[in-house]
Amino acid sequence: MLRYLLNRLVGLAAVMFIVATIVFVIIRVTPGDPAAVMLGPQASQQDVADLRARLGLDQPLPVQYAVWLGQLARGDLGRSIFLDKPVLSALADRAEPTLWLTLMSLAIASAIALPVGILSAVKRGTVLDQSVLTFSMFTSSVPSFWLGLLLMQLFSVKLGWLPVAGYGGPDASFATRLSHLVLPAVVLGLVNSALVTRFIRASMLDVLRDDYVRTARAKGLTERRVILKHAVRNALIPILTVLGLTTALLISGAVVTETVFGLPGVGSLVVSAVLRRDYPVIQGALLVIAAIYVLINLCIDLLYLAVDPRVRY
Amino acid sequence: MNFRFPPHGRLCAALLAGALGLAAVPPLCAAPVKGGTISVATVGEPPTLDPMASTADLVGILSQHIFETLYTFDANWNVTPLLADKLPQISEDGKVYTIALRQGVTFHDGSAMDSADVVASLKRWLAMASRGKQTAPLVAGIDAVDAHTVRLTLKEPYAPLTALLAMNNGAAVILPTEKIAPTLAEFVGTGPYQLKARMPDQYIQLTRFEGYKSRDGEPDGYGGARRQYLDEIRFVPVSNANTRVESAVAGQFDYVDSLPVESLAKLKNGRSDPVILKPFGWPRLVLNTKQGIMSNLAVRQAVQLALNEEDMLYAGFGDKQFYKLNGDLYPEGYPWATQLGGKVYNKGDVAAAKKLADSANLQDRTIRILTSQQYEFHYKMALVAAEYLKAAGFKVDMQVVDWATLTQRRQDPALWDIFITHSPFLPEPALIDFPSRDTPGWWDTPRRNTALKAFNQASSPQERVKLWAEVQKAVYDEVPFIKVGDFNAQAARSPSLQGVVPAPWPYFWNAWKRSDK
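Here the protein sequences come in this chain order: A and B.
Going by our numbering, the first sequence opens with residue 12, and the numbers climb by one from there.
Going by our numbering, the second sequence opens with residue 60, and the numbers climb by one from there.
Pulled out of the complex, with its shape left as it was, chain B reads as follows (with noise of 0.2 Å):
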């Protein structure tokens, strides 16, 4: 389902109304209108308003409408600009970006954006945000080369650097020189929208920024033009999922963001449609490569082969509409979709998952998988493994606990063998996590180093493609973790907002609301 809909608006409901031969205009074509309240339910209270300070989704979600990046993402998911006047100038060598800024940006404050901003706020980044601390090493250096052109330099090439800037969670967002602190004390941005009030587990008002300066064009996923249609955004949290779907089908929001997937048929039957973002992520059995029973290939490639991944995606998501069994780690529709299908996947071969285990001669077979009914999914996709599990000859010790435990527990190498977890399909593969050494999972071979080398210091989007299918092939061969495959998202909206976008992040500038009168 997709609520793309087109900026001529009074032109496609002429031409609708034309060749239907309808007097009435559809309200699928209505032109958008300026003004308006929205109330969007969330799964939740942000843990803070700092984009650079988490990488949790809610804070993206909310604070990329107060704060922008230099870079954003478009459609198809490629890099482009937003506040960065163009796409950045790069060396040959790869190691300095010229970025050019756009002029007449405001902050919130109504102070104008200039390079002496946009430098404190990378250096700020780079020191604090974990995505920016990933990229601090490789920084030789920041400067302004003037009053709107900033140089970065790297100490050798880095090709996921543009999409790590413009990433919206463990952003580099531009703030204000003068407002800059390690904790923020006030969140002034130059986005579409600024920060009026918040009243923790209770709402976040956010307001129209009347000095926005908008990109020209059309919009174009998360770039090109932001338009300001509505007045005011409010998000409010319900933590509940269940009271968050009796909102959704009693039309008490404009939107309510992450639905369980089983309200479907109570949704179509409510005063809200579903909103369903399809393909939205990807959940993954992460295996402990450091220590214990899984350090161990032999026995990680036995759990490879006796999973049978199409039964833990029916158990976890009851319903064909809502997974698809993919292999692969990027679905079609990504630049990084490589088709290779997985060289191991979905076998529920237990009889050679034994036979492998087998011959690597363990004195205990025991696997503690650690789990949290927090997202229900992960719970019933663990139950299922577990059994398959069995059925090749491991005996499984089932740790359910708090997502907050899970958090802290997946941490010490000693306490698991197989945690689980998801996460969206996020736009480069270098904003993932498990390719880090230092994530749980510690994945860390020649194998590994060598094939994110490559992938990382290629400059040609092309070659880029090819050696991600490299990094994907060392993955199944090395089964640091296991994709059990894609799944889609639900959500709901109202009627009478229109402009929503399905997006891993949902952002309501460009959405408006219809008049019913």
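Just chain A, with the same shape it has in the complex (with noise of 0.2 Å):
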């Protein structure tokens, strides 16, 4: 177990190394220039100049990858550009509306994909069965852009229930905050419920067949004891981990809601840093990114230990 687990912290570091390096020549070869960005329209090439130098991006590409190198395995994460201020501090400060956003579009995906994965399993081929099947082919098409703007104009600009857009100000109570995110909540939610419904359902189809649940029927448990205690139990492993991605996915950034809804989560704050080519925050922000994938997984590869005993590492 413990090999394991060091193995897979090594597996981080490699991964880790190789996004880095990615990351710095995607987004050096891509053009744009932060500077002439900060400085607007009017300034000159000679201003533009300058404040690359100051910036140290007149340096050679070995150079600023040596020098960003040596900045991570300090843990140091550099300074963004435009906030002038720490990378870390800056994904810090996002932290909290896309954690908060994360854990309400899981439950509301899970409330809707656990039970109605399994009843449409469990009702296989009847219209209950494809009427969730063509619902949820329809919410994994919709783009989450065009589902927002729709709730948008009927809970926002209609009924007038629910803020369009924003985080609330300075003085915003809890509630007030929670109540930007239902609707990007809602989006997030439903688009990934499809993808979960589906998987639920494909896992419980295939345990269903399974002969311990023959067995159990044939020892005359009941239906509703035979599915919950014996079938879910055992379809688990496979919703954990697409719930596991799910999770990961929205930890990092839900880059198109966030953005729709001007929340200033993770994900809006990728998408400013590559408009205006805040070098230090794509490449702080992508790594984190990818730390968290990596080490999410690791998570749900250790909670198959919880959920199957027969699992080993």
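None of these hints come from the bench; they were simulated from the model.
All the pointers check out, no bait thrown in.
In silico SDA-like pairs for lysine to any residue, Cα to Cα no more than 25 Å straight-line: (1) B/Lys327 to A/Gly171; (2) B/Lys93 to A/Ala183; (3) A/Lys169 to B/Ser317; (4) B/Lys192 to A/Gly67; (5) A/Lys96 to B/Pro259; (6) B/Lys182 to A/Gln57; (7) A/Lys169 to B/Ala324; (8) B/Lys214 to B/Thr498; (9) B/Lys349 to A/Asp44; (10) B/Lys379 to B/Gln433; (11) A/Lys96 to B/Thr266; (12) B/Lys383 to B/Asp536; (13) B/Lys349 to B/Ile428; (14) B/Lys255 to A/Ala186; (15) A/Lys169 to B/Glu321; (16) A/Lys169 to B/Pro554; (17) B/Lys337 to B/Ala300; (18) B/Lys325 to B/Gln433; (19) B/Lys192 to B/His481; (20) A/Lys96 to B/Leu243; (21) A/Lys169 to A/Val197; (22) B/Lys192 to A/Gln56.
Listed below are several chain A residues computed to face chain B (Cβ distance under 10 Å; list not exhaustive): (23) Asp104; (24) Met163; (25) Lys169.
Just so it is clear, CB atoms sit at the ideal spot from N, CA and C, and this is done for glycine as well.
From the two separate chains plus the hints, produce the assembled complex.
See below:
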């Protein structure tokens, strides 16, 4: 077990190195200049060149890369060009809305997907099953920005129940902040519920065909007990995997949804950093996101031990 | 549409009520009330709050509430004093500016503003601001005559100086000496509002500066009295244009800046009122006079002949309420409006253009148009321009990139032939970037240099207007860029927000919130 964990952590370091290199190369070969964006349209070429020099962007790429790797080795993700603060601190500032959004979306996605997926598998081939499949196909193919604008139109513009954009002002209460998250969470919850529903249905269908389910039924257990105690528990491993991946995707930034709803989360930070060519933020944010992704996957693998005693590392 | 409100609200209300025989006071004439907080949705997060460090409009919009300049612009776009006591005393030879400062002005940290602060601030401006660097080669020295007088000496006359000192981006703002640094750690100014908190991409919170000393008299554009009715102003970045429209329709913000023109019908049915700034600015095609196909004057003139600006404006804005066909570089209402009508404008004469291009004996007729969809109207106008150019026998290589890429690529003359940009009508021609030889386009000819030198050195305003017409003629003959027309801007305000004047850089001193109780 310890050996397994060590191996995974070494793997994490390797992934980080690869991600760091790829991200560095990609954003440096992408045209665009943070100095020109920062100085505005009237800035002269000399002003832009001066600022590039001040930011160290005039150095050869290998030098910039070596400087960045050196910083990483010291646990320093660099300093944002635009926000003028450490990247880690900029990410920490954005963590709150993203974390709440992740939790709320995951709760909504699970609340929809678990009962619907199980029911759809149990009632396979019925009108209910077909309706679930059609609905999940629809929600997975709907663009999140379109769904966001539609819900915004109904609940914010027509009914005036919920705010359109932002995350509340400096004196906003916790409830106000949560109210800003309701619509984006519903959008993400609906979109992600489609995938989770289909996974749950497929996993349940596999399990329902297994011998132990037939045995449980032969023992005279009620159908409810067969499904909930025997089938669902055994179907959990693939479900955990997909929930883990969904969580990682949500934490790593629901880029489009956060932008549409003007939420100051990790996703919108990455988008604005790309538009401003804030290299340190793009690099740092993507690195942290990759680390979270890998760590969540590790946690899911460890959770398998808890839900399935047959699993051994 | 103009939301200018008379200062004597009560009198106005009484007169109107009397004249109309009404018992209730119409809200239009409600007296200003002190108090309240407003939220303003902006197009994004400013790259900095230091107005010297950037010429971005957004930086100017926000920071003009915190910082002030020696001069500013009145409602007719004339330079008017702000921190200076009056307009400068200029020596006979036009080289020495003696600037008397207002007394009793304090910074947000409580310290008094004096000539030492002004000298230090102007030196920083000359050293680091784009507009300051433009002026620096002409400056012989800046010194304090006494505690409330500053003298600025030029090497040669330079008439745009006061306008440069008045601009709110790349701005010559006055800072306390002890806070001056290459990168500002604290944002301390003399403005009517002070910075309380900044959460990047979430909000910028400004509160009333109780020690503010307003000018006497009445508000007059950016000049005159600045009244602090509001307790607090919060700027909230909402980068998605559709979201800004929906938030305006839902009435979430008190003011929503920069809305797409096609949202007008939607706004009219919503909880905010549209605010239209007419005219706002001018889109233009900048031609690369330094390198490539456009360095040939005949080709530039062929492009000028081929284009149909009316079609381009229609494609860009879709509704005549939002654009006007106008070849003059300034519209009516500005001192610089020349009414030349544009010598070669909106011709769409592709046959004549083809003939002219043929005379240039070109090996390759490919024109690279650099544009961005970040500003939808740029892209749409580029599409129309491309069709006219193709009809005139050119091949068009449309390079659609994001704005950050465009701002980088346009710096390299080898990468483009035409790029599309726009700017608001700036109060003084010297504030526009095109006359500079160093900006992309690189217009640098004897005629340009002679016309601009005469314009910059003339001292009388009337003479300057005449000389500006000469610059404009040079632009039409040498075609360093092509103005497409005038366009209007749209914003929205809550019905309860009063006293907001449509302006290219909206400001909220003098604004107040009507109580709906």
